[in-house]
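*Asks:* If you read the protein sequences in the order shown, they are chains A and B. Just so you know, the first sequence maps onto residues 5 to 254 in the working numbering. Just so you know, the second sequence maps onto residues 5 to 254 in the working numbering.
Watch out, some of these pointers could steer you wrong.
Copies of the same chain are indistinguishable here, so a pair counts whether it falls within one copy or spans any two.
Derived pair list, reagent style SDA-like, types lysine to any residue, alpha-carbon separation capped at 25 Å [said to hold, decoys possible]:
1. 246 with 60
2. 188 with 151
3. 219 with 233
4. 238 with 146
5. 199 with 76
6. 116 with 54
7. 103 with 75
8. 44 with 238
9. 57 with 226
10. 237 with 157
Keep in mind the hints are simulated off the structure, nothing from the lab. Small disclaimer: the values here were computed from a predicted structure and weren't measured.
Protein chains: 2
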Amino acid sequence: MLRLALIGTGNLGIHLATACSKQPQIQLVQWIGRTTQAPKHPNNIPYFTEVQKNIAADLCIIAVQDDQIGAVAEQLIDIDSCIVHTSGAAHLNMLRDCKRSGVLYPLQSFVKDQAVDWTNIPICIEANNATDLATLEQCARALSTKVFKLSSQERATAHLAAVFANNFTNHMVHIGQALCAQEKLPTKLLDELLKTTFERATNSLAENKQTGPAKRNDVATMEQHLKQLDQTKKNIYNAISKDIYNTHNV
Amino acid sequence: MLRLALIGTGNLGIHLATACSKQPQIQLVQWIGRTTQAPKHPNNIPYFTEVQKNIAADLCIIAVQDDQIGAVAEQLIDIDSCIVHTSGAAHLNMLRDCKRSGVLYPLQSFVKDQAVDWTNIPICIEANNATDLATLEQCARALSTKVFKLSSQERATAHLAAVFANNFTNHMVHIGQALCAQEKLPTKLLDELLKTTFERATNSLAENKQTGPAKRNDVATMEQHLKQLDQTKKNIYNAISKDIYNTHNV
């Protein structure tokens, strides 16, 4: 049985608590958050609003925003458990003042009230010693079939790649949908195209599936497009089009 | 029975020929292309390398690149059929010198040797008169269940939206995959995230699914990301991040 303490009640904290409480190999011994009321959760996890000095856990997982990891870690320097952050971007050495430290980064975008299938989420783990890495691997494998041992540098790259693959693709879809809405066209006009786009990009490399005016340097069409955009969207259009052209023609 | 002449043997031309030849309501009476050898196609469509003066068709469909539509249309000014282009970006009046004119724009990205499900492809149609519009609708409905009557301006918007939804999302995925490959990480690390991203973006509005450092103005993470990128990718990162922040915070 793996004993876990969890700090954080944001999107990731709640998703982690829900996923862990479903695993018989994992016992959530404490959940710590800033909100006075304990968040809803399936099992009866002891909830506290401040870090407890007597955390009797194998892993103490910090699921808070990156800029708060340091402040939380400061309160954990006397704890004997392996202190683990869940950030894609933060280096392992952010926890250097803790007795033992590690990282457990689930490469997924978590939004409120939307269930995710943990089985397929890649979980990237890192630790300072083999024992803690083994414990982290045990925890990660209880949640997912896809566990990767990545260094802090590799994880930073994976996180940046995820920003392009999720945050930026999502914003591109938003701009497309917003353009349709402005012209009072149904946004579902784009659904079949989105379906094809995603299927192709994951079944092989996206590079081989590129089409459009930027790739074929169709200047007339691009000029017509730019006329329909405000300056901020023009900047996005030009920056991406230039890079598409360079990727496929230079 | 709808008689069709088809001009063009590029990606769209071949996909259209394949789709039309499967429809009992449509007869492909002529296929015209620049390549001396007729492209492979399921039925025995008469193939020519030059426009024939005696085109006996209800619709003459021009499936060529936008910058070639004008030159092809010039050769069709004496033809009695309704001359139809298939461009998202080109105005209907590009065919103003033809006796009758229309547009049939399938909103999909066509790549070579990759079958598409025409039933769900939105087909946007436009014509100068009700009779030709009815003929175009008959043709579009034979191919797809999703037919939209759009003006040239509405179609231009739909096309621009499609560039963001397909071309630009695909390039974002490519950058993510390329970053992984540079660091010798498996690109499949991103597959589950991509699956979630596109499912969410199509099941509701992408605007409501945005996450990431730009939305929450996590400056430290963004600065760390920028250090990992070359100048061209930095420009893309900054332009999109700024717009994500403005969309969600201003």
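*Asks:* Taking the hints in turn, state whether each one holds.
*Replies:* Results of checking the hints against the structure:
| no. | hint | in the structure |
| --- | --- | --- |
| 1 | 246 with 60 | neither (55 Å within a copy, 44 Å between copies) |
| 2 | 188 with 151 | between (45 Å within a copy, 16 Å between copies) |
| 3 | 219 with 233 | both (20 Å within a copy, 21 Å between copies) |
| 4 | 238 with 146 | neither (46 Å within a copy, 38 Å between copies) |
| 5 | 199 with 76 | neither (41 Å within a copy, 33 Å between copies) |
| 6 | 116 with 54 | within (23 Å within a copy, 59 Å between copies) |
| 7 | 103 with 75 | within (16 Å within a copy, 74 Å between copies) |
| 8 | 44 with 238 | neither (44 Å within a copy, 41 Å between copies) |
| 9 | 57 with 226 | neither (61 Å within a copy, 34 Å between copies) |
| 10 | 237 with 157 | between (32 Å within a copy, 19 Å between copies) |
The structure does not agree with the numbered hints 1, 4, 5, 8 and 9 stated previously, though it agrees with the rest.
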